[in-house]
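> Chain by chain, the residues run as shown.
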Amino acid sequence: MTKTIEVTPQLAADHGLSEDEYSRIVELTGRTPTFTELGIWSAMWNEHCSYKSSKKWLKTLPTEGPRVVHGPGENAGVVDIGDDDVVVFKMESHNHPSFIEPYQGAATGVGGILRDVFTMGARPIASMNALRFGEPGHSKTRHLVSGVVAGVGGYGNSFGVPCVGGEVNFHPRYNGNILVNAFAAGIAKKDGIYISKAEGIGLPVVYLGAKTGRDGVGGATMASAEFDDSIDEKRPTVQVGDPFTEKCLLEACLELMASGAVIAIQDMGAAGLTCSAVEMGARGDLGILLDLDKVPVREENMSPYEMMLSESQERMLMVLRPEKEDEAKAIFVKWDLDFAIVGETTNDLRFRILHRGEEVADLPIKELGDEAPEYDRPWVEPGSHSDMEPHLFAPPHDYNAALIKMLGSPDLSSRRWVWEQYDTWIQGNSLQLPGGDAGVVRVDGHPCKALAFSSDVTPRYVEADPYEGGKQAVAECYRNLISVGAEPLAATDNLNFGNPEKPEIMGTFVASIRGIGEACSALKMPIVSGNVSLYNETNGEAILPTPTIGGVGLIEDHAKTARIGAADEGDVLFLVGTEATHLAQSIYQREILGEEAGPGPKVDLLMEKARGDFVLAAIKSEYASACHDISDGGLAIALAEMCMASGLGMKIEFEYTYPHAALFGEDQARYIVAVDEEWANMFAANSEGSGVSFLRIGQVAGNRLIINDLVDISVDDMKQAHEAWFPEFMGTPALAQAAE
Amino acid sequence: MIAALTKISGNAPTRIWHTETNLPGCDLIVIPGGFSHGDYLRSGAIAARAPVMQAVRQAASKGTRILGVCNGFQTLTESALLPGALMRNAGLTFVCKEVKLEIANADNPFTAGYKKGEVIRCPVAHHDGNYFADPKTLKSLEDNDQVAFRYAEGTNPNGSLNDIAGIFNKAGNVLGMMPHPENLVEPEHSGTDGRRLFEGAMNLLSKEAA
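If you're matching them up, the sequences are chains R and F in order. Residue 967 is where the first sequence starts when you use our numbering, and the numbers rise one by one after that. Residue 1320 is where the second sequence starts when you use our numbering, and the numbers rise one by one after that.
Please keep in mind that the hints were generated in silico from the structure rather than gathered at the bench. Errors might be hidden in some of the hints.
What the hints assert, rightly or not - Calculated lysine to any residue pairs in the SDA-like style (CA-CA distance at most 20 Å, straight line):
#1 K1326/F with A1525/R
#2 K1371/R with V1134/R
#3 K1526/R with S1487/R
#4 K1526/F with D1426/F
#5 K1300/R with G1357/F
#6 K1415/R with K1526/F
Being a predicted model, the structure only gives us computed values, none of them experimental.
Could you put the whole structure together from the sequences, leaning on the hints where they help?
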C-alpha cells in the first residue's frame, strides 16, 4: 500500500462516515486528512466506538448507588462487595463477527470481555453467554450454533474461567444476524483498580502482549454496518483468538500492577491501537506520540493505516512509571510476551503517528475522543396492543401432551448440550452451575461470601411492548438472583437493536431504555457498564429488539442459599404471587397455538420489589429449601423444571379460573418456593404479615408431577422430552448420558 | 489444583516454572490441568518437551510419586512416562460433566483411600480425553493391573478404550487421569469423593516418611 491514496468524500463514505461527519472531520483536521488519518477518524467516530446514536439515551439510565465504585465509561463497572473487595463486570456483544465466522467471532468476543475485566486489575472468576440464533430449521442455524458454542468454550476453557450461566434462544428474526453477548466478572481489591486515564508528560507508552497483524482491520467499522448478500467478503475483518497468550497476558498484567509500575492501562479491543491510545490521552488531557516502527508486528510491510486499525487480539497499551521500566520488561519477558516502548505522552493534546521517520497523522486528540458526533435520531413512540383475556386462547386438548411439547421445544428444552461444552468447574469455586436460576461462585479467600450471576431478556416481549419488555428484562434478572438467595447489586446492559436511522427501531430503543431505567431504579440495580450493538439487520430486516441484562448479586453466606433442585420429599410448595391470566406472547401461545400476538405481560415494579424482598428473606432465614422464578412457560413449566432438577415429583392442587392460563400464563413477579413442612405455617404467616400474595399449591411427593386432574406425568418422561431436543437438533451421537 | 492441595494438605505446594531444570526435594509432583501452551500442537506435546520435564523424568525413575490430571495426563503420555495417547473425544466436542468412576486398582497409595470396585462421582472437563493404546499395550496394562480408574455405569464421556479414565505406570509411582478429583473435595462442591485420592496418597506418604 502506498501513501498516495487520495482521500475523497467517496472514500469517507466507504468508511461509513456521512457527508456532515466528513466535513466536520476536514474542519477539525484543518485540511484534507491523510488516508491513515481518515482511518483513525472513522474508527473513533463509528457507532461501535462512539455510541453516537445511543449516548443521549444511555445518559438517562441510573448508574449510581451506594456500592458503585465505577459506573459506565471505564472498561467495566466496579461494585463494592465489602471487605475491601470489588466485583468488576461487563457484557459485550460480538454479533457481527460471530455471524461471519462463528468460532473465531465468539472466541474473540469472550477474549475481549475477559480483557476488559482484567485491564481493570481484576482476576476473572465467572463468565456467561447470551446467544440468539435463527429458527432451528434455517440452513445456517446448526452451523452457527455449533461454531459459536465451540468458540465460546474454546476460548473460555483454555483461558480458565468457569462459565456459570447464560441464555440460548431461537427465532426467525435472528436468521440473518445472530447475537453473541459475552459477560465476564472478576474480583479485585478496592484500592487495586486501574483505569485508562493517563497522567504525566513525557512518560513511556508501552505496547504489551501479542504482535500486530492484519487481522481485524476495520472490524469496528464493519460492526457498525448492516449486512447484505456480500457478507462472506467480510471474513477478513474477523479477528483470530489466542487464549493461551491471553492467559499469559492476564498473569503478566496482574503481576505488573502488583509491582506498582502501571499508571494507566487500556486493552486494544475495537479499533486496536487507535482507540486505546486516544482514550488514554483524551481522558488524561494529554497528547500521545506513537512510533509505529517500534510496534511488534508479525507481518511485513504493514501500512500505518493497517497498523492503526488492526484488531489483532491479546494486546494492551500502558503508561508506565519510567523508573519501573526494567522490572516491567522482565515480567513480560518471563511470560513470553512482547514488550515495546512505542511512544510517549506529550503536552500538546495532539495524536501524532510516526512511520519510517515520517509523520503520517497529526490530529487533535480531544476532538477524536470526545467530540464524536452525538445524534438525536428521530424516533416514533411504539404502538400498543390491547389486552387479551384468557378466553380468547384455546385450551389444549391434552394438558400432558402440551406440557411435554413445551418442555421439548427449542426455547424451553435443556441447554445441557451447550453448557457441557463449557468448563463450569475450573477454579474450584462454582457452587451453582448452569441449569438453575443463576450461577453462583464463591469469593476465593473469604469464608462464606459468594456472587450470583444471571443474564436475561425476553425479546418477544420487547418487540410487543419495548417499555414493558425493557422492565421485564431487568425484573427477570432480579428474580433469578433472588431465587438463589442473592441480594441484587447492579447490572450491565447489552443493547442489541437494528438500524437506528429508522425511526421505528429508534423508538423501540428509546422505550426499552426507559423501561430498563425505571426497573433498575425501582429494583436498586444500577447499570454500571454496558455495550450497544446497532445495525443488526440483514437486507433490511432487523433482529427482535434484545436488550440483554447481566445482573450480579451478593450472597453474604453461601450456606444460606436456595437451588432449583433442592426440594425434599414432603416439602410444602408455595406460589408467591397470584393465579396467572396472561397468555399473549407466551410460550404456550407460540408452541401450542402456533402464533405470536398481543402484548407481553405487564411488570409491576413495586410488586416485584416487595415479593423479591420477601423471598430473599425467606431464603436467608433458611426455611426455603428450593426456589425457582416463574418465567417462560408459566407455572407448569416452572414446576416441571423443579421436578427434573430434584428428580422428585409433586402433587399440586389449587383453584383456578382458566386452567390453561393458570398453568401456562406468564404473569410476572412470581416464584415457587419449597418449604419444609415444619415451617410452612410460619412461611404463610410471614407472607400475610408482609402483605405478599401467596397460594399454598401442594407438596413434593413421589416421582410424578400431578396438577389437579389436568397433568399427570412421570419425572422421567419430562426429562426425556426436555433433554432430547438439543442433541437431536445438533445430530450429536448419543454417547454417555448424564451421570445423574 | 493448587487451592485443593493447599486445603487438603494444609501446606501450599511449591510451584515450579516450566523452564526450571532442577526440582526441590519433594514427596509428590503434581502436573495439573490447563491447556499448556494452548494445546495448539497436540495436547501436552509442547509441555512434555519443557525443560522441567527432564527433571520430572529423573524423579519418576527414582520412584517419586507423580500425579498428572487432565492436561497433566496428556503431558505424561506425550513424555512417554505413561503408555498410550489421549485423542480427541469421540463426540468431537469439549465435555464438562460429572461421571462415575470405578476404582479398578486400590493397591496403590493414590487409590488406597478407596475400595477396589467402589464407584465414585467425579467431574471431567476436556477436549482430548479419548484414551487409546495399541492392543499389545492395552493387554499389558490390563495384565499388570495398571488401570486405576474406569468410567462406570455407561458414563464414558469420550470413547476411551476399555473405559479407561486413569492409569499407573508399571512401577506404580506415576498416575495419569483425565477426571478432576480436585473439583470434588469440599461439601460446597456438592461432594468430597475426590478428596480421598489426595488423603490416601498423603497418608501413605507420611507413613513411608516415618
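> Hint by hint, note whether the structure agrees.
Here is how each hint holds up against the structure:
1. Between K1326/F and A1525/R, the direct Cα distance comes to roughly 19 Å. Compliance with the 20 Å bound is thereby established for this hinted pair.
2. The hinted pair formed by K1371/R and V1134/R meets the criterion: a straight-line CA distance of about 18 Å does not exceed 20 Å.
3. With a CA separation close to 27 Å, the supplied pair K1526/R and S1487/R exceeds the 20 Å bound.
4. Distance restraint check for K1526/F and D1426/F: the Cα-Cα separation of roughly 15 Å lies within the 20 Å cut-off, and the hinted pair is therefore satisfied.
5. A C-alpha spacing of about 17 Å is found between K1300/R and G1357/F, which places the hinted pair at or below 20 Å, so the restraint holds.
6. Taking the CA atoms of K1415/R and K1526/F, the gap is about 37 Å. The hint is violated against a cut of 20 Å.
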